[in-house]
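> Listed in order, the protein sequences are those of chains A and B.
Everything in the first sequence is counted per my numbering, starting at 63 for the first residue and increasing by one.
Everything in the second sequence is counted per my numbering, starting at 273 for the first residue and increasing by one.
Among the hints, erroneous ones may be present.
Listed next, with one range per pair, are the computed distances between beta-carbon atoms [as the list claims (entries may be wrong)]:
| # | chain 1 | residue 1 | chain 2 | residue 2 | range |
| --- | --- | --- | --- | --- | --- |
| 1 | A | Lys121 | B | Asp392 | 55 to 61 Å |
| 2 | B | Pro440 | A | Arg279 | 56 to 62 Å |
| 3 | B | Leu558 | A | Lys403 | 56 to 62 Å |
| 4 | B | Asp392 | A | Glu142 | 44 to 50 Å |
| 5 | B | Asn333 | A | Glu142 | 29 to 35 Å |
| 6 | A | Asn493 | B | Lys315 | 51 to 57 Å |
| 7 | B | Ser320 | A | Asn433 | 50 to 56 Å |
| 8 | B | Ser455 | A | Lys494 | 29 to 35 Å |
| 9 | A | Lys403 | B | Ser320 | 35 to 41 Å |
| 10 | A | Asn493 | B | Val323 | 27 to 33 Å |
| 11 | B | Ser624 | A | Lys141 | 20 to 26 Å |
| 12 | A | Lys141 | B | Ser390 | 52 to 58 Å |
| 13 | B | Gln356 | A | Leu94 | 48 to 54 Å |
| 14 | B | Glu580 | A | Lys141 | 26 to 32 Å |
To give a feel for the contact side, a few chain A residues facing chain B, derived at Cβ under 8 Å [stated by the list, open to error]:
| # | residue |
| --- | --- |
| 15 | Asp128 |
| 16 | Glu206 |
| 17 | Tyr377 |
| 18 | Glu423 |
| 19 | Asp475 |
| 20 | Arg479 |
Covered stretches of chain A, going by a simulated chain B footprint (3 or more residues, C-beta under 8 Å) [to be verified]:
| # | segment |
| --- | --- |
| 21 | 209–221 |
| 22 | 484–494 |
Since the hints were made in silico from the structure, they are not lab data.
Just so you know, these numbers come straight off a predicted model, no measurement behind them.
Glycine included, C-beta positions come from ideal geometry on N, C-alpha and C.
Residues per chain, in single letters:
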Amino acid sequence: MIKKKFGPLTKIASVVFTIFCFLGPAVLADDLSALRVGTLHKGNGEILKNALVLIRSGKVEFVGIDYPIPKGTNILEFKEGVATPGFIAANAYLRISAETKIIEMDLREDYYALKRDKVMALNEGRSEVTPELNALYSVDPRSEDFARGWRSGVTCLYVAPGNLNVFNGTGTVLKTIGRTPQDMVVKNMVHLKVTFGHEPAYLNNRFGFEPELRTRRPQNRMGVDFIFRNAFVKLQNKGPIPDSALDAQELILRKVLRGEIPLRIRARSYMDIKAALRAMDEFGFKWILEEGVDAYKYLDDLKSRNIPVIYGPVYRPEGRFDFNAESDYYKAQMPLLLAKKGILFAFQNNNKSPVSSLREEAIFAVQLGLNKETALKALTSHAARILGVEDRVGTIEKGKDGDLLIFNGDPLDPSSRLEKVIIGGKMLDPNK
Amino acid sequence: MRKRRKEMKRSFGLPHFMTFVLALAVLSPLPLVSQIKAIKAKKIYTVSQGVIEKGILLIENGKISELGPEGKIPWNAEVIDYSQKIIVPGLVEAHAARGYDIPNETNPLTPFVTVMDSLDLSHDAIKLALRSGVTTMNIMPGNATILGGRGAIIKTYGLIIGDALMVPDSGMKISVAGTPAQSRIGVMAQLRRYFDETKEYLEKKEKKTTADKKEEMVSTPMSFRSPEYVKYESVADLLKGRYGAFIYCPTPSDVVEAQKLSEVYGLKSVYVLGPEAYKAADFAALKKLKVILDPELIYFEKDPITEELRKVDVATAFQAKGVDFALQSDPDKVQARTLFYQAMKLISCGISPEIALKSISLVPAQILGLDEQIGSLEKGKLANFVVLDKEPFDFSGKVELVYIEGKLAYDRTKDEDLKDLADDKIGQ
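So that you can see chain B by itself, here it is in the shape it has in the complex (with noise of 0.2 Å):
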């Protein structure tokens, strides 16, 4: 034994010493360099270009750089394994009135709050999109104002609003219901009456000299904002076309309405519908509407007269129209609770699966329009994917991580909340 021992120290000596360190200072770059991640997956599920068997999705700087079918991987990539689990894209969720205290001001009109002075990053429903695999949410505020605000489109991870933000003015909040208080034929009033005002106001904007404005400089401070400034500005904005509107229309008529106030104002509008718009599904194919529908999917309708209750399929009725529709969920019901349970509700209606998954990822993504960067899995595209053990619909399947930009945003073994509520067994 001592002889081998020996014989051991012997042999390793100053070359062998030697080439180890000229091995080290080769290959010490190695994990700088490798910025690639390669990840293998039995199914991608790209939505636009449909679905690759057995694929290798390569990532480079938080964007996909490469995809198809099993073949070459960069000699300097990252291989990570998911070859027994399904990827999807990033799941988009084009509305949601949460992530904050309060959704709707007192106050009707208050177009100049944007949800950025209260968004909460760390609230609940926000960890719980990023849970069952939303990558990226349009934060809105709520219903019953009429100017209700500007939202934020953000992702889904990081709790300083700046690594999360995505789009900081996404739309304006409209909503042209009645409240018991006052009915539509106020709140239209009120709508035309300040975009009106607004007008005057840039006019009389476009009118001041360089020299008014200069003096207006001078006279008063730089941090001084007039009144007339925080009424109008964010609805000049609006008119202007720097962002569009989110209407929410709950009845039929309130979808005409609010296209005919959007045609004579020139907005760029998305309609946020209420289960009973399913009615004006031949009106938004006509006039080729963004619409996104109600979380409720399956609508009692009640007959006037005889009271009858009728069973309505909202999604079918606008899908037989040929209508595009983004989903909503609704964490405080149980029916809607994730967009992957809204999508399987559409499956039970009837409606493909290519659809559901499109109406979950694509169309929320060009209802936002960020169709580009993401709502697919396509090169150049943003690495945001949620991987799945099963099928993207079989409800026993559980969303296991989740790949915000490239990097790991969800990981389902280390959700400590997940374990506090149900030992990590919820699903999709």
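Bound-form chain A, shown alone (with noise of 0.2 Å):
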């Protein structure tokens, strides 16, 4: 009865519009577009002179200097132009509007900027342990410092949940356009966070705050290692059940233990860096070391573990008077001692540093004596390989993302420009 209804026209039709669903994009988005530079940083180190970059459909199709392009392609010539792969902030702190526009809830905030501010953080005070929390489903694409950060040269950047318990949740890489998040994500679930130090446990014994906050469990650097560890053992504890068995807790940390995900520890004292260090030698996890101030003092242990840092920000006005820095000094070369010594090094913001500096981060740390070439690379490749995005971005190579910065000159040099950003293929222009 049913079939009666189509006729053998309709069928037809419905098996054209059919392919047309599935080609039509295709052939409607086979945007070329070919630019040519006068020079080219590759990412890795690699520098092309008046080289030609072809994008199709967002991705790199090719990279070199000559090439047949087809006929009736324009080429976009930035002669006097310097390009580079699109900057990634290793890890960014952003100011996410929520519902209502005066309360802006921040991803990483300290907690007395919060209260001052009054806004919320994403910080979870149901429990201690919470790895199963995913940065991604609060993410707002509306929030400004995405736009701040790709009109500053950021195409990517990482984003995860608080510092306030030990545990905090996996975090997101995300591309710096796009209307929903789903759109943004270049890789979810890329790094467990866990905070070592004072931050899970300094608010645990003062009073005048929440009482979900006050009454949490740690309330120094014993109680918050003790945590950390606990949840370990008691995996191990569980002995070798099927993973089906065990909750969704239980199997991200079951994966971190097979090295499926990387733990990234905050530990900025160097306490607290030892300590990350001996959990690596007891329960074998892959980790990184996120703003590791003290990180100088253990640069061979580091580099004989393959380590790498995420360090920044770079330039600390407020040095050892800092609240936050739990470390009693800091050393602004450290950039130029973790190029020395080989560990491979990102660059990151904090909330004092907003993600549109980050290109002056690095900036910092080439006046201080970094070579250039390693600051470019910490900036793109070297970043994309900590996150493990390495197959997208970071590079501009053959069947990456077309993710391209062009400046007028030096791109490490304040006083050149950024005059072209591409993400994916899209043109747009930061000066606007």
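Both chains are sitting in their own frames, so use the hints and assemble them into the complex.
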């Protein structure tokens, strides 16, 4: 009965329509854009002069000197321009606007600032162990920081839940443009973030805070370390039971132990770095050191165990008087020390240095003696490697995303200007 | 060998000794006479008179006595050779709310305070300023109080305020910006009331006969000052024009209001702008305002309806209208940490290096009314200058030495703090 309703013509039409549905967008989206730039930094250290870049449907099709371009394609010329891959913030603090405009949710902000500005943080007060949280579900693409980010050359960034409990949750790598978080995502659940030191503890022994924060258990480093180890010990004691018998938390922790998801340990003082190194020996996970202010004391350990470092901000005017800096002393030339030792590192921001100043942080590191090539790698390919997204971003190579920046001079000179930003083949003007 | 020595002994006899003594007597006053320093440089950026290649700078009594291309050096001058280096004038920071602990008073109307009471010349902010080539700073109260108090112009060298002070009352800090507790409507009303009360106070004071004054002197001890005196005297000085006002205007409409206020009360005003005030560039050009730009030179403006961001080059907006502006730095932010860095930002916005250098040296000096003393390298001005190893806006260059009034105030090789911080490698 139902079949009779459709005649042969409609059938053909529907088939054509279905085919068009699949192929149509591909035909329409065959947006080939070609650029010729004076100098091209590929991101892996290679430099090309007078280079041609072809981007088809958001992916880089060709990088080199000469290529048979289809007729009618107009080539954008930047003869004096210097192209680099889009910069990647290996860790970003964003202001994420929530439903109301007045209340802004901060992904990672220190608690006193939150109190002062009456904003909410992405900190979970429910438990100390919340590895099941995922930052992607709190991202609002309307956040001003995304727009500021791409206008300053940041095409990709990493966000994670806040740091006021021990297991904070998994982070996600996002592009800085897109209409929904799902559009923006490059890779989700890249690292499981853990915070060591006083941050998960220091609010618990003070009065005058919300009950759920006050009644939490750890009140010092020992407590934090115990909770961290206890989560893994509990899992190990369960024995070789199948994955299906584990809950969501334990499943993520097991993935960490298997090496599928690396840990990202936020450890600033030397005690915390040492604790993380000890835990690594005990449980055998892969980890990445975040904001290791005291990392210069463990350069040999970090090098021998191949632990990448995410360091920043390089410029800390408050120095040793910073409330949040647990370390009594910081070395501004840390990037230089890490580079000399051959440790993989990338730059990050914090609440005092917005995403838009990522490039300036790198420039400051260069002023302190870091060579420009390493600084550029740390902004691009090394950051991508640490975040595990090197198959998509970080360099300008065939098959990768068409994320490019075009400067009118040396990209790491403050007096040169960012002229064009290309994200996924989409041309954007940062100066508008 | 012995013979030779004996001969030598013999040869160094009395006549020789006498000539030696004579020579000593003639030459000994030389170091006392030689008060002149001659500084050779590869390039001298004078700011007001262009660039001098292979120049010589003569300094006498802390002032520049001669400036020109390589030529005669007086016989008694102490020659200092910087012939591989570049000299620019000492930078001037026209408005800096730092160098003390707390920038703002909690009371919004405190015209009677002065930063001289809280200024700490060993403060990190002042050390950082000297390290980055700043020789003169106008220290001002912060932006959050309506009548914030008086500022002071200092040299960035010296521990005792008497040594460092250039101008004790450089101006009155006024903020017409509203606070979360009070909008501009209230701020302006409070300002007008304060000024009107001060006028009344002045009129009353003028009416007093000498007999009245004498009686007052007799009846009250010398050291006692009436509450009225404390309350109004500093604003009275402002209204009399002894010093100007530094008015903080975060928005364009604040600039207009502040200008109106200064016109009505006859204030000599300098406008300390917020980033959004770039829209008042036309107005500033029309009224020939003296403006100091916000440290945030690249401003992201949000459209209130579409929520789209727009990037604004604040300095370009003013330059397009032909307004001279001075720059500020903000050492709390990596993107605005020093005046040199701010000037490099200007260049990235397409402004010429000459104007960039002017906006951190001569223009701020003009704004402070000290352009006869500082701001550029000219005959008769103070010998405040910076020795760089590379061109002024080469960002890999460094401030090597800073001279203030002809004296070496900063030497990079002897900067212990810098070694502690970063192995002696912080740039300009």
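> Find the hints from earlier in the document that the structure breaks and name them by number, from lowest to highest.
5, 6, 7, 9, 15
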